[in-house]
Each structure stands twice: as C-alpha cells, then as structure tokens.
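Using the sequences and the accompanying hints, generate a full structural model.
If you read the sequences in order, they're chains Z and L.
What the first sequence shows, in the working numbering, is residues 1 to 481, in sequence order.
What the second sequence shows, in the working numbering, is residues 1001 to 1250, in sequence order.
For the record, the hints were derived by calculation from the structure and aren't laboratory data.
There's no promise every hint is true.
As the list claims (entries may be wrong) - To be clear about the criterion: a stretch of chain Z counts as covered by chain L if any three or more of its residues have a C-beta under 8 Å from a C-beta of chain L, and this derived list gives those stretches:
#: 1; stretch: 420-429
#: 2; stretch: 434-440
What the hints assert, rightly or not - Counterexamples of contact, computed for chain L against chain Z with all Cβ distances above 12 Å:
#: 3; residue: 1008
#: 4; residue: 1088
#: 5; residue: 1220
Said to hold, decoys possible - The list that follows gives simulated cross-link-like pairs (lysine to aspartate or glutamate, DMTMM-like), each with its CA atoms no further than 20 Å apart:
#: 6; chain 1: L; residue 1: 1151; chain 2: Z; residue 2: 429
#: 7; chain 1: L; residue 1: 1070; chain 2: Z; residue 2: 442
#: 8; chain 1: L; residue 1: 1005; chain 2: L; residue 2: 1054
#: 9; chain 1: L; residue 1: 1050; chain 2: Z; residue 2: 440
#: 10; chain 1: L; residue 1: 1070; chain 2: Z; residue 2: 428
Even for Gly, the Cβ is constructed at its ideal location relative to N, Cα and C.
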Amino acid sequence: MEEQDKILNDVTQGDYKYGFVTDIETDIIEKGLNEDVIRLISAKKGEPEFMLKFRLDAFKKWQKMKMPNWAYLKIPPIDLQAISYYAAPKKGPKYESMDEVDPELIDTFNKLGIPLEEQKHLAGVAVDVVMDSVSVKTTFKDTLAEKGIIFCSFSEAVEEHPDLIKKYLGQAVPVADNYFAALNSAVFSDGSFCYIPKGVRCPMELSTYFRINAANTGQFERTLIVADDDSYVSYLEGCTAPMRDENQLHAAVVEIITMDRAEVKYSTVQNWYPGDKNGKGGIYNFVTKRGICRGESSKISWTQVETGSAITWKYPSCILMGDNSVGEFNSVAVTNNYQQADTGSKMIHIGKNTKSTIISKGISAGKSDNSYRGLVKVMPKATGSRNFSQCDSLLLNDTCGAHTFPYIEVGNKSSVVEHEATTSKIGEDQIFYCNQRGIDTETAIGMIVNGYAKEVLNKLPMEFAVEAQKLLQISLEGSVG
Amino acid sequence: MLSIKNLYASVEGMEILKGINLEIKPGEVHAIMGPNGSGKSTLASVLAGKEDYEITAGEITFLGEDLLDKSPELRAKEGLFLSFQYPVEIPGVPMVNFLKTSVNEHRKHKGLKELTAGEFLKLMREKMDLVDMHTKLTNRMVNEGFSGGEKKKNEIFQMAMLEPKLAILDETDSGLDIDALRVVANGVNALKSPETAAIVVTHYQRLLDYIVPDYVHILYKGKIVKTAGKELALELEEKGYDWIKSDNEK
Ligand SMILES: Nc1ncnc2c1ncn2[C@@H]1O[C@H](COP(=O)(O)OP(=O)(O)O)[C@@H](O)[C@H]1O
Ligand SMILES: [Mg+2]
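Written out as structure tokens, the structure reads:
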C-alpha cells in the first residue's frame, strides 16, 4: 500500500519533466489583438504585401466569428486581449551557425532531447525548431537541398519561395475555416514549410519541434507541406511547454497537399503541459490539421499520440479529392486528472474509389473527459468508396468519462462505411495479477496501455514509437482504481 | 517457511478470517479444504497481498520476515506464487511478453542477469513440455479466449517458469479432466524439493492422489477447525462437510 502511494507521489509530482522555463531575453510585443498588432507582426517579419493581405483578410473574417461550443468540452472564457501575439528569443531571428546560438537555448533543447547541433542528431532526422513565435534552427537543410527538397521555417519560405506560399497557403484550411484557424491565419508568426519535388522520396524524417517558453503568450504556428507527383515524406511533430499556473493558448494550423501518387505521413506526439493534478494551468490546444489528396492515388496519413494539454480540440482530416486516394487517421489520446480532449477526424470522400481508415484509441483516467468526434462524408460522386472506423475507449477508473460522436453521411449506394466501437476498463484484478507475477503497478499499466494502443503506436516511426510508449506510461502512472 | 498467527481479515467491514494459525515448513504440502464461502480464497489473497482485504489482527512471517509489510510484487519475487482460482484475461498483452517481464523481474530481484529473448524462449519451451502447454496458447494475449482448463494449465505453466518457494494453488483442479489434473500434479511435483512448500486448496480427494499432502486442514467460517493427515481428505470425500458444520455450530 505504501508502494502504491509512492508511485502516486512520483507521478503527480514528477510526471512532466519538460516543465522548466528558460531564462532568455525575449522580444515580446504588447498584449492585445487589433489590426495594428497584425500589421506590427507582419512588419517585424518584413513580409511582402500578399502576406499582410492574407492576415488582414483573416482578421476581418475572424472578428465576425464566434468561439465554437459544439465540442464536449468545458472551456473557460479565454481573454484573447490578455495575450501577447509575438514573442521571440532576442538574439536571432535565425542562426546561421551554432556559434551564434544563445547557450541558454542550446541548453534548453538539449534538456528536451533535441540537440541543435547536427552532428549530435539522431541519424536521419532533420529538425526545424520553433521556440515561442519563431523558428530558431533548421538542421540538415543543405543535405535536403541537394535533392531539391525545401525544408525551412515558414518566414524563410515567405522570403525565398513566395510563389509556392502564395499558391498553396490556405488551400487545405481556408482562412475562415473556423474560429481558431482564422485567428491563426491573422497572427501566426512562424512554423515550418516543406516542399518535396516530383519523384523524390525524402531520405530522412523531417521534424518540427515546438516549444512554448515565454509567459502570457500564445503560440500560433503554421505548417505547410506540399508533396508533388510521386513523392514521399514522413513528417514528425513534437511539442512541450513549461509548467505555469495560467493557461496558455496554442492555436496551430497544419496543411498538407499531395499531388498524383504522392504520400505524406504526418506523426505527432503531443505533450504540451497538461496542467497539474488539480487541473490548474496547462495548454489549451486548438489545432486545425487538414490534408487534401489533390492528386489521384495519393495518400495522407495522420498518426497522433496525444498525452498533453489541459484542453485538446483537434480533428486531423483528409479531403480525398483525387480518384483512388487514401486517407488515414490513427490516434491514441490519453487524458488524466482534469484534462479534456475532444478529438477525432473528418474524412471527406470526393473522388471515386477513395478509401479512408480511422483508428481511435481513447484512454481516460483521473477525472478527465475523453471524446471521439468523427465525420465520414461520402459525396454522391465518390462511388465505390470505403471507410472503416474503429473507436475504442479504455477507462482506468469510474470517475473519468469516454464519449463517442460518430457522424456518417453516405451519398451513394456503391460505397461502404463501417463503424465499430468498444469500451473497456483496466481492472484492479488485472493489475493484481501482474503484481502477483512480480510486475509492479507502473509497469503493468504500461504493458496494458501499450498493448491497447499498439495498433496505432506501430504506425509511428521507430524512435518516436519508443518515446510515445514511455510517455503513455508516464502519463498514466498511479491512475488505476 | 510460512507462519500465520492469529490472523483476522475483513473485507468491506465484514470479518472473513477469524483467527487463522498455520505453520508450514520447507518440503511440506498442506491441503486446505472446506465448504464454499469459508474463506479459502480470502486467505490466499491475503497471503499474496491483495489490497481489498484489511488485516485487523495477527501476523504472518514468510522466510523469516514480516510478510504483511511487503508489496504484492515483492512477495512474488521473494518466492510466493498464487495460482488464481479465477485467472483474469489481459487483452492486448501477449502471453510471451508478460511472462518474459515476469521472469526478468524475478531475476533482477535475485541479482541475476536478465534473460535474452533466445534464453527465454529456450526456458519457455522446456517448461511448456513439462505441463503440456500448447504454443497456440503462449502466442495469445494473457488468458484471452482460454477455456477454464487452459487458464488453470497456464497458471501451472507460469509457476513452472517462476519456480517459487511457496506455491499456493487455489482450486486449480476444479473443472479439470483427469488428464489436465495429472498435468497440474506433475507441475507441482516437479517443483517439490526439501526447500519448497505448497498450499493446495481443493474440494476433491482425486488431486490429492497425485499430490500427497502432509497435512489436511479444514477451513470453516474463517477458522481452521480441524487438522489431520492425508486420511482426512478421504474422510471428507466420504462424509461431506455436514459433520464439520454440525460440530461447529454453537
Ligand atoms: N472482495 C470481496 N468483497 C466482498 N465479499 C467478499 C470478497 N471476497 C470474499 N468475500 C466474501 O468472503 C467470504 C469468503 O469467500 P472466499 O474466500 O472466496 O471463500 P472460498 O474461497 O472458501 O469459497 C464469502 O462470503 C465471500 O462472499
Ligand atoms: Mg475460493
């Protein structure tokens, strides 16, 4: 019994090991949101006119919009005027060589396991590192450039490849798509851009690592990935934030566009600070992620492991335009203590013989609420299309909640949509059985949860999968019963 | 090896064990019999360290140390094994992973090197032969879709893998056909040595034909009301429990 208490203690006190703050000089603009702020952000970044227009257009539309309230979430009022919309480490904006990088910054990312020095990197992963509002470092850029691959910060892309940005920005997520996407379009400060040319298989995993550091700021980054005909890329995203008592807003947009026979795999391990065990603090994560399979036989897959954030509102989606195109959504969402998650996917079938799969594994503990929300829509012309959805919920106790909201619309007779759902509970008996075989409770929960989530974890790139496994275990320690 | 003194235990405020005394020495086999609801499984659970039960009085020492202080996993690693009356299913966790983790936790505790996958599989094959365990079972998730008999066999298989000092078998023989019964008995007898001991909870004399007990105890309403040699089991088989019940009413 004492052992149990000890585990519980370790967990509630030491679970979030990324909660430190870096003491670094930061350039933060005044709190508040108005047209001047948007002009200021654009000016600070030295953006061309078309970007300012994009932002102002978004802002105008956003002003007429309301915060969505249809999700199964209790969202406290968010004062968007109390947030600063631009924060950047002062030295910078972008480091050309390691010597210029603030040692504090290097140290920060070392602690997070993301060394900025290329030679120290996991072989085969190129990283764009975004701290608060700006990208601080992109690794392996030259190696990639040899293949014609563009991988850089969003700001750089606006400067160096304005034609591509102009052509693709806002295609998958139009500026007025939803409240948070519109807000992001107006104020986003940086992010990553990636373009894979025709016929190129990207030789390494590309990755963006997001870190919120400054207080009283929001993070609004934007990622745009374009895969031209017959190309392939696997993209990873990771994120952490310091532990703070107040909530912080993260409203990102990710857009993916695939041309004929191109494939993009997008994997996320979302580990924003979830708040403490009493529900104080934590990130509000309101993210719009959408891909368009523009070309025939192209494929987009979203794989996410969500363990962080106080509130998660996120529906990575696929618009299957090209005939025979394929969309996939694989998700493990963990909620503990007072966390709330409303997450799922939309699969919109427009092209003929399009296929989509949704695998959602919700794991709830503490007093948390975990909802799956999904839409499968097959348009009348999308004949011969198929969807399979599997939504499973695992409960660790009687005080948490799991909910499923599947919406299905099928517009023709030759398409088939299947939906399966299960709910199960980790029993004390299962834990005791493991204990009796010499396996401690922590390891037992890890084994059971990882077994349950295996189908999704297997879709992650190798090193990421290992990290995700550990994360699942840490997020849930001491939560059975 | 195991010494239980004046043990009282209750669950949800209800007293189930009411002053148990039991001494088990290395090399001995003790059978515990008694009508349903007497507290046999409760005693087994208390020994294994299940949290639901509150120990209100008494003490237990195992291998010379206080047992009640220790976590269930520590008890297991120090050599206490419980073959559950109702083994649970653990979906999503492959039998092989489960057992490998279990074996290696035991080894770590003893200061031994963890087994590699190859070494583990070799050990597993050896023990599978012993209890006639089929790979179709070890390839599945823990107990998932196992028949009642297969679950019991799986308990004995795990026991063979872990080589405990004290094995507690809670009605492992219930619902087994005669072949499976022999397998269970083989598993227990293979483990038998001057350093190990077993507690066999059973309703049937037939198991005790294979596993010959040194003592037979009758547990009734939370107390051991009678202790004798193996002939007591035969007597029970003949006469049932009624005479015990009437002797102990009032
Ligand atoms: N977890 C529990 N909650 C409530 N009652 C219990 C629990 N475990 C055992 N009991 C009760 O304790 C008594 C003894 O049960 P048990 O030890 O399983 O007996 P046996 O194994 O001898 O058949 C029964 O009356 C049973 O209902
Ligand atoms: Mg029983």
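Hints, verified against the model:
1. 420-429: Check passed, 4 qualifying residues.
2. 434-440: It holds: at least three residues are needed, and the stretch 434-440 of chain Z offers 7 whose Cβ sits within less than 8 Å of chain L.
3. 1008: About 18 Å separates residue 1008 of chain L from the closest Cβ of chain Z, which puts it past 12 Å; holds.
4. 1088: Answer for residue 1088 of chain L: violated, closest chain Z Cβ roughly 5 Å.
5. 1220: holds (26 Å)
6. L:1151 to Z:429: holds (15 Å)
7. L:1070 to Z:442: holds (16 Å)
8. L:1005 to L:1054: Holds - the C-alpha atoms of residue 1054 of chain L and residue 1005 of chain L are around 15 Å apart, at most 20 Å.
9. L:1050 to Z:440: The given pair, whose Cα atoms are some 13 Å apart, holds under the 20 Å limit.
10. L:1070 to Z:428: holds (18 Å)
Hint 4 from the earlier list is the only one contradicted by this structure; the remaining hints agree with it.
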